[in-house]
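Use these hints to put chains B and C onto chain A, whose structure you have.
What follows is the residue order along each chain.
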Amino acid sequence: MLKQMEGSRAVAEAVALCRPEVVCAYPISPQTHIVEAVGEMVKDGSLSPCEFINVESEFAAMSVAIGSSATGARTYTATASQGLLFMAEAVYNASGLGLPIVMTVANRAIGAPINIWNDHSDALSQRDSGWLQIFAETNQEALDLHIQAFRLAEELSLPIMVCMDGFILTHAYERVDMPTQEQVDAYLPKYEPRQVLDPADPVSIGAMVGPEAFMEVRYLAHAKQMEALKLIPAYAAEFKAVFGRDSGGLVHTYKADDADTIVVAMGSVLGTIKDVVDEMREAGHKIGVLGITLFRPFPITQVRAALQGAKRVVVLEKSMAIGLGGILAVNVRMALSALPIDVYTVVAGLGGRAITMRSLHALFRKAEKDDIDPITFLDLNRAVVDKQLERERATRRSGPAAEAILRDIGVVAAKLA
Amino acid sequence: MDKPFAITLDPGSSLANKTGSWRTFRPVYVDRLPPCNAACPAGENIQAWLFHAESGDYEKAWRSLTENNPLPAIMGRVCYHPCQGGCNRQFVDSSVGINAVERFLGDEALKRGWAFEKPAKSSGKRVLVVGAGPSGLSAAYHLARLGHTVEIHEAGPLAGGMMRFGIPKYRLPRDVIEAEVQRILDLGVKLKPNTKIANIADAMKAGKFDAAFLAVGAHIGKRAFIPAADATRIVDAVSVLRSMEGEEKPMLGRRVVVYGGGNTALDVARTAKRMGAEEAIIVYRRTREKAPAHDSEIEEALQEGIMVKWLSTIKQADEGEITIEKMALDDSGFPQPTGEFEKLAADSVVLALGQDVDLGLLEGVPGLEVKDGVVQVGPNMMTGHEGVFAGGDMVPSERTVTVAVGHGKKAARHIDAWLAGETYAPPPKHEVATFDKLNTWYYSEAPHQVRPVLDIIRRQSTFEEVVQGLDEGNAQFEARRCLSCGNCFECDNCYGVCPDNAVIKLGPGKRFQFNFDYCKGCGVCATECPCGAIKMVPEET
Amino acid sequence: MSFQPVKFYQTGTFTVGNRLLPPEQRSVQSQEKRYNSINSGHRACQGCGEALGARYAIDAAMEATNGRLICANATGCLEVFSTPYPETSWQMPWIHSVFGNTAAVATGIAAALKVKRQQGERRNIRVVAQGGDGGTTDIGFGCLSGMFERNDDVLYICYDNGGYMNTGIQRSSATPPAARTATTMAVGPEPGNVFGQGKFLPAIAMAHEIPYVATATVADLRDLEAKVRRAMEFQGARYIHILVPCPLGWGTASHDTIRIARLAKETGVFPVFEAEHGEVKSVLAIRRQLPVEEYLRPQKRYAHLFGKTPQVEVIARLQALADRNIRKYGLLEGN
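Chains as they are written, first to last, in our numbering: chain A, 530 to 946; chain B, 86 to 626; chain C, 14 to 348.
Chain A extracted, bound-state conformation (with noise of 0.2 Å):
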């Protein structure tokens, strides 16, 4: 049923209808619409039987998760930046004890300086935590992978995070085909927890491991998400059977079959690339995407084939290893490795900045003739930071970085006016 909704509206009712039987909630923007929206079904009595927790904050929203998915209830939460921070210990133990938690995480930046934009810095902060990690692209994405989620987590009994970026999906009202209950219910079958604190048959989970087993739990677990490279193309396919669209998956190459050049990027701003990537066609560049869904586990080899012909890569990522550049870009040149195709690291749209087509233009016009830098900032400021990179070498005590450069750019003096 098609339905004008906004993002976060659309991922609670599609939770929802996978009928989750606990599900925590701690406000922190942009993802508190969600769990807003979950609550609100909890109470009215639409969704049930749920049990909706307020909890104290982050940590415990994880922990209650952890709790509730060992003693066998379908279990449900959101979060997003300091919050999955926060949440870290606990991210790390839920995917240590293999507990099928669904988490949402309405990607935004972490601080400092504190910032409540769009970026993919906390999802990738956690990309070694053991949680699988797919990239929504749409609000029909997201809604749709939401219920792959619960299928895929459960089967493997490994959590997993459903990235969507902060605001740019969550808060933006689009049009969504929303599944019925019976097609959900069709395609989702019930939780059967391969381990559950039961006193008819108990067990002691979450057992000191000493240097005898710990690699092997360890490898176990990285066994077990590969395993997810297999399950995810025929899920989506399953998936494409009962609610009629493509959905899910490991990779979406366009236009990328004969590209010199293709750029790779996950979340929604694959839609800007592709405007691009449909301009610079028309004008007849040899230009294609490769938009990435499941980040983890890395599907090196779908990435390799879909980027082996190509001449040169640009991965664009909303996110960055300080000190060294890109986490994207070197997923990808793992995929790449030994073949003769340049790589370049293109740092974009951190803490919210709009990627805009005409930067992108820009971007892919030069890099089409290897003229940026291996890695490149999109749209920096240079002024400003060399400004304060000179003050902060001329004066010891050069105060807070961050409120200086808003001075320089006028937005402080501007609001003192």
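Warning: the hint list may mix true and false statements.
Derived CB-CB ranges, DEER-like [what the hints assert, rightly or not]: (1) C:Gly264 x B:Asn600: 25 to 31 Å; (2) A:Pro762 x C:Gln131: 49 to 55 Å; (3) C:Glu134 x A:Thr782: 46 to 52 Å; (4) C:Glu45 x B:Glu530: 25 to 31 Å; (5) A:Ile938 x C:Glu292: 57 to 63 Å; (6) C:Gln131 x A:Gln917: 54 to 60 Å; (7) C:Asn164 x A:Pro929: 53 to 59 Å; (8) A:Leu853 x C:Arg130: 48 to 54 Å; (9) C:Gly264 x B:Glu530: 29 to 35 Å; (10) C:Arg130 x B:Trp199: 57 to 63 Å.
It is worth saying that the hints were derived from the structure and are not from the lab.
Please read these numbers as outputs of a predicted model, since none were measured by experiment.
Ideal Cβ positions, reconstructed from N, Cα and C, are used throughout, including at glycine.
Positioned in the frame of chain A, the structure of chains B and C alone reads:
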């Protein structure tokens, strides 16, 4: 459940880890000798019968008690209860009233008509017991239960011996004696009263006895020379007490002086008081501390109005008056005359200066050794003559009913062994459970509503027969004051306090066992054992 | 008081068992076939108060729930010594997540169980969470407070041994003043833990006005069991704080574990009471009052108070704290 590797484990699987290997000390269950048992001259296992009384199984308690002593109703009245002097509870509040509980059990048995179990089979051996006093009755009882044929020859008209002829009725009602004696006779013991034995060897031969136990009481009062006027009435205490049993009561007058400081002196003074004497005065040459009488009896006598002249001797008795001389203790603690005199009004003087045993029946028996008026016996209670054993007042010992009963039991065991051509070896005694071995935290205080009542009963029950003994509730309460020193009473503490579940509870009456697979030797069980029944010993390498 | 002490019958209710009491009045621990929720073979030190306290408490909770109980356990000694791969000592469903989240994990379990009941689960399965004082009063405090204020149906049990013993005896917010730990060494002008710091979590729990809060020690088993039983009669958040001496951390003889706990109670150092909905309902009165010195002296963590020059002023300050407990809770009343 298809459990994830390593992080999810099967329940209770730590049993594979035998933590017993950590141990440097190991706990060991021990049985220590309770101080009450250690102090009991009759060799009663007091703690064992209190254990049954605690749970209200009085018959079992009585049966346990009578394993060692067939006369609990008597003993519960006349025993000076050294057990209570040994009781560790005195260091907590006050001793357990063991004697009162014993009396309760004895009376309960008489009330319910509990009988002794007859021996399963007869040995075919015949044993002659001479004297139906406590020692003879005790020996007869034990011998009968061991399957021997027993005949008691008693010189007097009735059984009881000095219990009847030396202890006043107010301390020991006669129907109690009758009943407890009858219960022994019901075992098949034959009592022949008015049968004075002239010569033991002849009597044994005549009656075809295989062994004999001599238990003649000290019925003959010792005399002392006191210059006296003819009109002065001087009698001996044993005669006075004996004549109390007859039709003709002794005439002692209004003012009676008793000479001596033993229990008999007190008995006769208290008897005189009960006979209507206005004054009963005890004259004793030493101090109260030195008097052989039990302090409780002195206390009770004083409470009854008996007066005592300590450190005094009678120098002369005249009509209606005696002269006493004050004494003073010398450096070595002996009384010496001071030359200071005093006159006391006295209608009669009762001499209570000790008693002798009539050893006439031993004359001409080869091998016997008599010294200081008593027969010498070996550790097995046998005299110098094979097959002739002796006990009670006849042998060198303290002369109390309890000691006599103890002799009877001990002799019976040796006689039994001797008859079988064997030697009786008593089991080795355990180390005494002294107070420092206990953890008294765990014992309850007596509740306020019961405690004062008990205090009164405990005091009175040994005072006067007109006062009732303990009723069932009180007796049980009193029994439950027992600390069970040195012996497991299954309080479950060791089982409960072990941090390693390394104590196995074997079930009611079966106590506990350590599981050394897991016991780490921490010693909490030993520290928290209320009664000191666990000992920590170094682990062997 | 949630249990009627029996003061006669020889040892009354002081001992673990008592053959003279009717079976229904006997302790859970005295049962021949008790749960032994934490089994033999665990790797706790000799004389471990926490191992003992855990079995006391969890067995009592198992008894109260007819074995229908799930346990969440914080990181700490108890977790480490009971579940080293490949062996676990727990004979019940048990989960360990991380150090500071146990109350929240338990909330999750309770929530799941509630939903399962709505879906037709007929068993009334309950949840208990447990941790040491570090995992409870410090790192787990946020989650604990959250569980309290939401009144989640969880019994949280804190085994208080006054420090981080698993990591090598460091100070926690439950470490008492003057006690030596690896981070409050007995050196300098004010050796040991400082005065005026720390928190008494039972009082904070009471401030949440949760249905039930109690303290207990391993020295009073019957009181402890009764409190667990009472706690299980309530729905909602409940908290029991159990003092469990640590021979290693306190420097006491392994056989003295219960004795030391008893001294803590008898000196007034550790008040034993229970509260319902924020109000104290009963106290376990001091039976034979003793000066705090009796409690302090056997413990090496206080050895610096009894050196060549005894620290009489410090001992007096500790006595004053005990006296305040005695006054505040009326520990000498109703004896």
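The hints, checked one at a time:
Between glycine 264 (chain C) and asparagine 600 (chain B) the beta carbons are some 28 Å apart, a value that agrees with the proposed interval 25 to 31 Å. Between proline 762 (chain A) and glutamine 131 (chain C), the C-beta spacing of about 36 Å breaks the proposed range 49 to 55 Å. Distance hint check for glutamate 134 (chain C) and threonine 782 (chain A): the Cβ-Cβ separation is about 48 Å, which falls inside the suggested range of 46 to 52 Å. About 29 Å separates the C-beta atoms of glutamate 45 (chain C) and glutamate 530 (chain B), a value consistent with the hinted range of 25 to 31 Å.
A hinted range of 57 to 63 Å holds for the C-beta pair isoleucine 938 (chain A) and glutamate 292 (chain C), which are about 59 Å apart. Look at glutamine 131 (chain C) against glutamine 917 (chain A): about 58 Å separates their beta carbons, and that is inside 54 to 60 Å. Evaluation of the 53 to 59 Å hint for asparagine 164 (chain C) and proline 929 (chain A) yields a failure: the beta carbon distance comes to about 43 Å. Roughly 51 Å separates the CB atoms of leucine 853 (chain A) and arginine 130 (chain C), a value that falls within the hinted 48 to 54 Å.
Between glycine 264 (chain C) and glutamate 530 (chain B) the beta carbon distance is about 33 Å. The supplied range of 29 to 35 Å therefore holds. Against the hinted window of 57 to 63 Å, the Cβ-Cβ separation of arginine 130 (chain C) and tryptophan 199 (chain B) comes to about 60 Å, which satisfies the hint.
In summary, the structure is inconsistent with hints 2, 7 from the numbered list given earlier, while agreeing with the others.
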